[in-house]
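Trainee: Sequence:
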Amino acid sequence: MTALENLSIRKLAAMVRAREISAVDVTTHFLGRIVAYDDALCGFNVPAPEAALDAAHDLDTYLNAGGEAGALAGIPLSIKDTADVAGLPSAGASASRSGRTATADATVVARMKAAGGIVLGKANCHELAFGGPSFDLPFPPARNPWNLDRFPGGSSSGSGVTVAAGLCLGSLATDTAGSIRLPATMCGVFGLKPGHDTLPLDGIAVLAATMDHVGPVARTADDTRILFDVMAGRSPGSPFVGSLKGLRIGVPENEWDVGRLIHPDVRAAIDGAIEVARSEGADIVPLRLPSLEDFHAPGTVLMMCEVAAEHAASVRAAWDKFGAIFRARALVGEGIAVHDFRLAERLRPVLRKRLLDAMSNVDCLLVPGALAPPGPLASVDPFYFMKDPIPNIVANYTGFPALAFPAGFGGDGMPVGVQIMGVPRSEHRLLDIAESFERADPSRFAARTPPGLEGRPEPCLFKLELPARAM
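Numbering-wise (the working numbering), the sequence shown opens with residue 92 and increments by one.
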């Protein structure tokens with residue numbers, strides 16, 4: 092039998108609904124993997140085995156009585172620590188919110204639970220989705236499951252790690268300037284940042300009010316689709332059946348003026364995606380776009396000002412309760428002139444329209460998921476996202492949807508990825524395109540389990556004591 096962590100969400104949920112396997116057995120399996128592997132990975136801040144087993148037992152009881160469960164029946168999930176889960180701590184990896192326990196679920200969490208999802212715990216993240224990777228927080232930083240000394244991406248680092256390591260099958264993450272897509276890229280999984288206002292943000296800690304988005308991280312395009320639809324409050328449709336044939340895939344002319352910053356392994360991943368697309372019958376269309384700096388500069392100004400408006404006063408009032416990186420980043424916006432902030436606001440609809448016009452004749456825009464493979468965790472530049480233009484912030488500034496997915500491995504064995512951006516309300520189209528890449532060349536575009544994390548842990552490692560329950 093295929094290991095549970097390698098099953099699709101669609102398959103495993105169908106097995107639970109058909110009572111071919113109990114939700115308790117599924118939950119026990121994944122809790123065992125957490126016990127065995129997460130001490131090294133630090134993917135979870137707050138494992139919740141008792142609550143997870145209670146939820147799984149309740150689901151089994153309901154199914155045994157003839158009830159009908161939803162699309163996530165028995166599916167193990169992690170939830171970023173900045174999103175509220177009723178009854179669990181919700182500190183956002185920050186000492187400033189130590190002792191805070193959520194009294195209600197965030198709306199998207201409630202929808203995932205209502206569909207049968209089992210929350211295994213709160214996923215690690217950068218402090219309040221902004222300060223990291225940090226070594227001076229209540230929780231150590233999450234580590235990349237492909238190499239524990241490498242950066243797993245952020246700020247939704249635990250979401251990428253827990254999914255890639257097979258500690259769960261899906262995760263709820265957030266994205267303000269790439270925080271879903273960067274961990275997905277660096278951990279070798281799928282991550283969708285939906286369009287602005289597509290999913291509700293209530294019950295999720297605010298970082299930058301107009302730049303924040305919430306979305307799913309998963310192991311396949313179809314898993315990502317199911318999670319997205321559930322989070323949107325609708326029933327997922329059937330799996331996509333199609334190909335890349337006839338698609339028009341846009342690529343920025345002149346590598347969007349950042350060719351000097353693109354690592355050779357990333358360029359090879361982009362070239363490989365283009366080669367596969369062409370071989371499958373897609374057209375590659377060079378697009379003349381506003382420079383990446385035109386988006387990056389006002390997007391960064393807007394984000395830093397909004398972060399300061401939300402957090403600077405709290406940092407100054409309780410300095411020692413925040414990590415050094417969060418303190419430094421949260422105060423930057425106070426030094427930005429008001430007229431620069433207003434200009435960034437005024438440019439937003441202008442640049443959004445220019446991008447929309449440029450993409451009017453293509454199905455998506457193909458760009459790197461990150462400009463370089465994961466580097467050493469201990470030496471990540473605290474202001475890497477401000478120094479050079481990055482493609483990720485474009486989708487947050489414009490509100491367009493974007494999806495990151497695996498595109499092979501670099502010379503050092505670390506994952507590299509690509510992302511596709513679409514026009515508003517094209518999330519499903521992006522998922523169809525990613526699934527077509529995944530089907531066309533699974534050796535390159537499908538997620539894999541990192542070495543050493545395959546299979547069920549040895550019994551001696553499984554120390555979780557399960558409560559005695561009558562089924």
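One should not assume that every hint holds.
Think about it this way: if two alpha-carbon atoms lie no more than 16 angstroms apart in a straight line, the pair counts; the simulated EDC-like pairs of lysine to aspartate or glutamate are [as the list claims (entries may be wrong)]:
(1) 336 x 374
(2) 478 x 374
(3) 336 x 545
(4) 444 x 532
(5) 336 x 366
(6) 412 x 227
Don't read these hints as lab results, they were simulated from the structure. Keep in mind the model is a prediction, meaning the values are calculated, not measured.
Trainee: For each hint, tell me whether it holds in the structure or not.
Mentor: Okay, the hints, checked on the actual structure:
1. 336 x 374: 8 angstroms, holds
2. 478 x 374: Not satisfied, since the Cα-Cα distance of roughly 34 angstroms exceeds 16 angstroms.
3. 336 x 545: The given pair, whose Cα atoms are some 35 angstroms apart, is violated under the 16 angstroms limit.
4. 444 x 532: 34 angstroms, violated
5. 336 x 366: Holds, at about 13 angstroms.
6. 412 x 227: The given pair, whose Cα atoms are some 10 angstroms apart, holds under the 16 angstroms limit.
When held up to the earlier numbered hints, the structure conflicts with 2, 3 and 4 and fits the remainder.
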